[in-house]
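J.: Read off the chains here:
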Amino acid sequence: MTDPTVTTVMTELGPWLAFLTPELASRIQFGWAITIHIIFAALSVGLAPFLVYFTVQEVRTGKERYVRLRKFWTKIFAVGFIMGTVTGIPMGFMFGTNFGAFSTVAGELIGGPLSFEAKMAFFLEAVFLGILLFGRDRVSDWFYALSSVMVALGAWLSAFWILVVNSWMQTPRGYEIVMEDGVQIAQLTDPLAAFFNPRFPWMYVHMQNAAIISVTLLIVGIAAYFVWKNRDSDVWKTALRVGVVVLLLTSMFQAIHGDMYGRHVAETQPHKFAAMEAHYETGSADLHVVAIPTDLESITDPRADNLYTISIPHFASFLASGGDPNAEVTGLNDFEYDSPPVAWVFWSFRIMVGLGFWFIALGAWGTYRLWKGGLADDERLLKALMVSSPLGFVALITGWYVAEIGRQPWIIQDVLKTSDGVSPPVTGTEATLTLVAFVVGYILLFSVFLYVLKRIIDEEAQRHEVGIEEDDRPDSPGVPADD
Amino acid sequence: MTSVLSDSAYMLESLPELWFGLVVFALGVYLLLDGFDFGLGILFAEADDSERELMLAAFGPLWKANEVWLVLFGTVLFAGFPAVYANILGRYYLLVFAILFTMSLRGLGSKLREERDDEQWVRFWDACFIVGSTLSPYLLGVFVASWILGEPSALAIGPLVVGFTVVALTVVLGGAFLGVKTRGELRTRVVQRGQLATGAYVLLFVVTAAVVYSQYPELRSVLLSGSTVALVVATLVFAVGNVVAASRERYHASVLSASGLAAALVVFLATLLYPSIDPAAGLTIADAVVSPLALNMTTIFAAIFVPIIVGYFLFLYSLFSGPVTADQQYS
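Line by line, the protein sequences give chains W and C. The first sequence begins at 0 in numbering that gives the first Met the number 0 and counts up by one. The second sequence begins at 0 in numbering that gives the first Met the number 0 and counts up by one.
In short, the hints are calculated from the structure, not lab data. The model shown is predicted, which means the values in this text are computed figures rather than measured ones. Just so you know, even glycine gets a beta-carbon here, dropped at the ideal spot from N, CA and C. Among the clues, some could well be false.
[Claimed, not checked] Selected chain W positions facing chain C (Cβ under 10 Å, derived; list incomplete):
1. 82
2. 184
3. 437
[Said to hold, decoys possible] Derived coverage of chain W by chain C (criterion: at least 3 residues anywhere in the stretch with Cβ under 8 Å from a Cβ of chain C; other residues may be distant):
4. 87 to 97
5. 156 to 167
6. 185 to 191
7. 418 to 429
[Unchecked claim] Derived EDC-like pairs (lysine to aspartate or glutamate); straight-line CA-CA distance at most 20 Å:
8. 74/W - 52/C
9. 70/W - 378/W
10. 382/W - 459/W
11. 74/W - 6/C
12. 453/W - 113/C
13. 74/W - 457/W
14. 453/W - 117/C
15. 453/W - 114/C
16. 453/W - 116/C
17. 74/W - 16/C
18. 236/W - 378/W
19. 70/W - 113/C
20. 416/W - 140/W
21. 416/W - 294/W
22. 74/W - 459/W
23. 70/W - 114/C
24. 74/W - 116/C
Bound conformation, chain W alone:
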C-alpha cells in the first residue's frame, strides 16, 4: 500500500487494528471463511444424491410426494448453492491475496487442480442448476432428471479437485523443489502421484460420507418436525423412514473408516496424531475416551494430568500401530518444529468423535423403531432428531479443524511453513480489516440463510395445515414449477 490517503487512514487506524500479524489475521480469516463455506459445500455434496433420487422418482412415477420433496429440497439446494458461491469465490482468491507466497511455491501443483475444478465442476453445476430451477417446462422429463444428475456430478467433482489440493498439502508427492529466479518452488514431476497422493482417498471418502451424514441428519430432523406437527404426513414419513436407515449405515461406516484413517494419519503426520491425544512425551500412548476439563487452563492447554479422563491405557499406541499396545508414539515435545495449537485439535477431535457415536445411536434408535413399528409416534426420538439436525455440520467442521489446525505449523507438510506462505505485500492492518469484515459479513450472511431456511420450512408447514396433503395423483409435468 503506497497511496498517501490510504496510508494516512491506515496510520490512524493502525494502533487499533494492527495487533494481529498478517499471518495470524490471514489464518483466522481463511479458517473462519472455510468454516462457513464448508457448510454450504457439504450441503451441495450431501443433498445431491437425494435430489437425484427425488427427481428421478418424480419423473419415473409422477407421484405427488416426489414432486413435493423435489421442490422443497431444490429450493434449499438453490439457496445453499448461492451461499456456497458467494462464500466460495473469495476462498479461491484468498490463495492469492493472503497466501501469495504459498501460491507461488505450490502453483504448479494446486493451480492446475483448481482450474480443473472450475472447468469440470462449476460450469456443470451452475448451468444445470439453472435448468433445474427454471427449466421444468422447457426440457423433457428425462432431460430434467438428467440435469439433476449433472448438478450432483458437478458437486462431487468439485469436492474431488478441492480435496486433491488439500490432501496434497497434507502428504505432498509428485514434485521436486527447484530454484527459479532465486525462489524455491515446487515443480510438478508426476501429476498422478500428486493428485492421488496417499491422503487423497482417505480424505475423499471421509468427507463425502460426512457430507451425506450431515444432510441426512438435516433431512430427518426436518422430516421429524413435520411428522411431529402432523402425524398423517406420508410425504415426510417416507423421508424419515429412508433417513434413519441411511443415517445408521453411513455413521457406522464413518466410525470404521475413521479408525483406519487415524492410523494413516499416525503414519504420515505423527505430530497431528500426537496433538489429537495431547500426547507430549514419547512412549506408549493412552486413548482418552472421555475427557472433562477441570478448570479453564485444562481447556486451553489440555494434558492428561489436568483433565478428568476415562482412558484406555496404551490404546492410542494400539490404534496407531495397528495392534501393538506398546508401540512408541512420538510425543509433541520431540518434534523439531512447533506443535500445532493442541487445544483446538484435541477438543475438535473429541467433539467430532463424540457426535459420531451419537449419530450411530440415533440411527440405531430410529431403525429399531422402524423395525418394531411406531417410528412416527416416538415423541422423544422425533425431538432428538430435531435437536440433532444441525449437528452433522458441527462434526464435519470440527473434523476439518483436526485436519487443518493439526497440520500446523506447516501449510505444506514438511515443505513450507504457514508463516512463510503469506503474501509479502499484505500488512497486518489490511488483513485485520478484511478479517473483521468477513466475520461481520458472514454472520449476517449465515443469519439470512437460516432465516430463508425457516421461511421455506414454514411454508411447507402451512401446506400441512391447509391440508394440501397426499393426493398421489400423477402430476402433470408440463405445469411450470410454482416456486
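Since chain W is already given, all that's left is putting chain C on it; use the hints.
T.: Just chain C now, kept in the frame of chain W:
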C-alpha cells in the same frame, strides 16, 4: 501420452503465449456475459416493480453460470502463471475484497428480494442489487487496469478512468440483452439507454486512450501501432452499428455489435499488457509461466473442457432464448 506430457518442452513452442490468450479469452467472455447482468442491474434502478420481475426472470437462469467465467479466469491465470496470480491479488488486496463484496451484494440482492413480500425488505435488497451491479464492474475495471498498467496501487488516474469505461460498456451490453429479452415500453426505454451509453462509452474509450498516452510514455508506441488503430476503428464501427441496429429494431444485431465492443476492449487491454504479464513486478509471460509438464497437463484439460463449456453456454442461452414473460417467476 508420454510425448505430450513431456517435462522438458512445451507441447507447442508458443504454448505460454497461447495460455496467455486463454487467460484473456476467459476474462473477455466474463466481461461480456456478466456485462449483460451488470448492465441489467444498473438499468434495474429506473424500472418499476413489474418490470423488475421481468428483468430478474431474464437474469435468473444465466447469471450464476456467467459468474463462473470469472472463476475460470482466476484459476486459468493461477494454473499458468501462479506468481502473477499471487502478486496482483496481494498487491491490490483491499480492492480485491471490495470487488468480492460488491459482487456478493449483487448475487444476494437478486435472490433475497424474492424471499419476502414486505416493501422495506424488497427495497433493501433491490438497492443491494443495483449498488452491487454498478460498483462491481467499476472496481473490476479499476483492478484489471491497475494490473495491466503496472500501477503499484489502485488509486491512479488511468485505472479510475477505465472503471467508468467498463461501467458504460455494461450498460450498452445490458440494454442490448434486454432488447432481446423484453417487449413493449420497457424494451423501448432500455434500448434507448443502451444507445446513450454507447455514446458515453466511445467518449470514455477515447479518454482512456488519451490518459494512457499522457501518463504511460512506455506504452505510446503500442498505442500508435497498427493493431491499436485497428481496434479503435473496430470500436467505432461496432458503436455505430449498435446504435443503428437498435434504432432499426434489429435487436440480435445490437447484441452482436455490443459484444464486438467488449471484445475490442479486452483485446485492447491485452495488447497494452503483452508480452509483459505483470509490469509492476517486471515479469514477462516467459518469466512467469509454469514448467512444461504442468502447462502441458493443464492444456490437455483445457483443450477437452473449454469446448464443452462453450457448448453448455450455447445450449443454455438457446434454451432460455426469447422474451421473458410475467409468469416466469424468479426463484
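J.: Under the criterion that the straight-line Cα-Cα distance not exceed 20 Å, is the pair residue 453/W, residue 116/C satisfied?
T.: 15 Å, holds
J.: Keeping to a limit of 20 Å between CA atoms, is the pair of residue 416/W and residue 140/W held or broken?
T.: Cα-Cα ~53 Å, so violated.
J.: With the threshold set at 20 Å, check whether the alpha-carbon distance from residue 453/W to residue 114/C stays at or below it.
T.: Since the Cα atoms of residue 453/W and residue 114/C sit roughly 11 Å apart, the hinted pair holds (cutoff 20 Å).
J.: Is the straight-line distance between the alpha-carbon of residue 453/W and that of residue 117/C 20 Å or less?
T.: 17 Å, holds
J.: Counting residues of the segment 185 to 191 of chain W with a beta carbon closer than 8 Å to any beta carbon of chain C, are there 3 or more?
T.: holds (count 4)
J.: How does the segment 87 to 97 of chain W fare against chain C when you require at least three residues with a CB closer than 8 Å, holds or violated?
T.: Held - the segment 87 to 97 of chain W has 8 residues with a Cβ nearer than 8 Å to chain C, which meets the minimum of three.
J.: Restraint: residue 82/W near chain C, CB-CB cut 10 Å. Satisfied or not?
T.: With a closest approach of 9 Å, the residue 82/W hint holds.
J.: Does residue 437/W meet its interface restraint, that is, does its C-beta lie within less than 10 Å of any C-beta in chain C?
T.: Holds, about 8 Å.
J.: Taken at face value, is the distance from the CA of residue 116/C to the CA of residue 74/W at most 20 Å?
T.: This hinted pair holds, its Cα atoms lying about 17 Å apart.
J.: For the pair supplied as a hint, residue 70/W and residue 378/W, confirm whether the alpha-carbon distance does not exceed 20 Å.
T.: 27 Å, violated
J.: Going straight from one Cα to the other, do residue 236/W and residue 378/W come out at no more than 20 Å?
T.: 14 Å, holds
J.: Quick one, are residue 74/W and residue 16/C close enough, alpha carbons at most 20 Å?
T.: The hint is violated at about 44 Å.
This entry does not satisfy hints 5, 9, 11, 17, 20 and 21, going by the numbered hints stated previously.
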